[in-house]
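Dock chain S against chain X, hints included.
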Amino acid sequence: MMTTRVLEGLGRFYIGLLLTFLYLPIIIMALMSLNVSPFYQLPFEWTTEWYASLWQNDQLIAATWNSLEIAVITTIICVVLGSAASLALYRYDFRGKKFLQALLFPPIAIPWLITGTAMLIFFFGVGIGRGLFAILLGHVALALPYVIVVVSARLQTFAPELEEAARSLGANQWQVTARVTLPWIMPGVIAGGLFAFAVSFDQFVVSYFLATPGQTTLPVEIYAAIRKGFTPEINAVSTIIIVVSMALMLLTARFFKFGGEK
Amino acid sequence: MAGVQVSNVSRSFGAHKALDDVSIDFADGGFYALLGPSGSGKTTLLRQIAGFDFPDTGRIAIGGESVEHVPVEKRRIGMVFQNYALFPNMSIAHNIAFGLSVRGEAKATIATEVQRALDLVQLGKLGERRPHQLSGGQRQRVALARAIVTKPRVLLLDEPLGALDKALRVDMQIELKRIQREIGITTIFVTHDQEEALTMSDRIGILRDGRLVQEGPPEEIYDRPKSEFAATFLGDANIFRGDATGNGIRLPDGTAIAAGVGDRLAAGTKASCAVRPERIRIATDAGASSGNANTLKGQVSKRIFAGNNSTYFVERAGQTLKVIVQNTGIDRLAEGQDVMLSWSPESTVLIAAS
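As you go down the protein sequences, you meet chains X and S in turn.
According to my numbering, the first sequence is numbered sequentially starting from 80.
According to my numbering, the second sequence is numbered sequentially starting from 265.
For reference, chain X alone in the conformation it holds in the complex (with noise of 0.2 angstroms):
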């Protein structure tokens, strides 16, 4: 018994040094843009002078908005386009799925450098040039497989006799999808848009490649910022995104159930 409880504490001063690791340096950049000093001079000094000059700085707000959008955009396509091709590898048996399905892998582990240098060449050659459609285009490529990935997962769990009990009920391809293996799946579809939201609004490298100085995203605004000279906007403006992508992540790990059921 002692041995147990013994363990359970070293488990748990694990999991703390684990998160303390995790979240330190976050935790000290939110700090900073609350602090007066613009060079993490202590003592600390409240202020949200940084937030508010931040809003005055046209090209990082420009930069969020892009990349507001194109992460939006990404995501509706992603979802749309992945979801449905998740069903059709689902239902149907064709020559060369196998195939196919192997292929989704490789692009998310190839590095993004190589895709992006890789894209900007071949946007290039096509005519499609730089720009933020280019990035789009980028993206969607990004986060399409872990849409598919995520939702087949799902899929994977579906007992094939709901949609046989539909379609001997009178409904036809489109109500059966819609009433029953839609449901189904939501969880998976909206962890899966998650994802591809992620993907593209985190996206720095494949961005960089295909951004212009005025069609940017915010992670390369950043980049060019701190390159011409830190400024505790770029604290500020960072805490909001840590704020939004976790609160997303958390979100996701709800929908998804990364702790298993319910």
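No incorrect hints appear here.
Pulled a few chain X residues facing chain S out of the computed Cβ check, cut under 7 angstroms: (1) E240; (2) L241; (3) A244; (4) L248; (5) G249; (6) N251; (7) Q254; (8) V259.
I should point out that these hints are in silico values taken from the structure, not numbers from a laboratory.
A virtual CB, placed ideally from N, CA and C, is assigned to each residue, including glycine.
Frame of chain X, contents of chain S only:
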């Protein structure tokens, strides 16, 4: 309502012949069991009738209308699945309403019909529950209500009671039969449980390796099996093999067995006789066999007491025979005892060797 005609239906999956030239006529309003071991093609046949799969050759008609190429959603059938297949994201009432709703029925009509269906299966107050809140037997009833609320032409059941425990299964057998009589729907029911087939159905079709072995009322198949397989698959049977003599068979050791039922076979051809264990009289003295033409000597090797009856295993010329005796409180025989078995020709079915 309508009858179902299956004519010369064949279906292969690769090299495997799942159905081989099967023809059965399911009359309007009847209760049919398709019985067979796993892999016999009974579920394949049910899925052909449902329209989940189509025959390679042959014809399927529902109510006289050819449907072999009509997909399931247009066949107007009702189906109950082995694992119930209730929609987990819908309430019980919405599960039952599904078929009416996809047909675009008015809300008021749906509400009335759903309540009527719930009452029919005696689940009147459970409409708001979710499937996972119900017991196995209740889910079974919901699946049945959902299948019949659309007034289908045929009701198809795929091992519907397989997932229930024994006591509940007997209750559901009675319940299912009552509902079927009440609405008078043609019902086709797949099972591997011979007792279920015997007690529930008007007619039974026995399938083996994709072929229809025998089809008819339960009594007829039980009393006059046309093959050793039918005799042993539906109920228990003692099989004797020998040469046909004109009115029975002669065993290799010379013993003659007279058969009063079954095929007329030319003398000298290979044939079998099937005798049900409960038709054989077992006694210690020869005198008790009076009036029975068929007698054999043997020795009790084992006795299994099952309360209302006992099963005796009797050894005789290298063969173990099974005899079932009602428990009358007397005539209990011990293991190792020499006995005389006797039975009438009317209890003996002559079967051509297959």
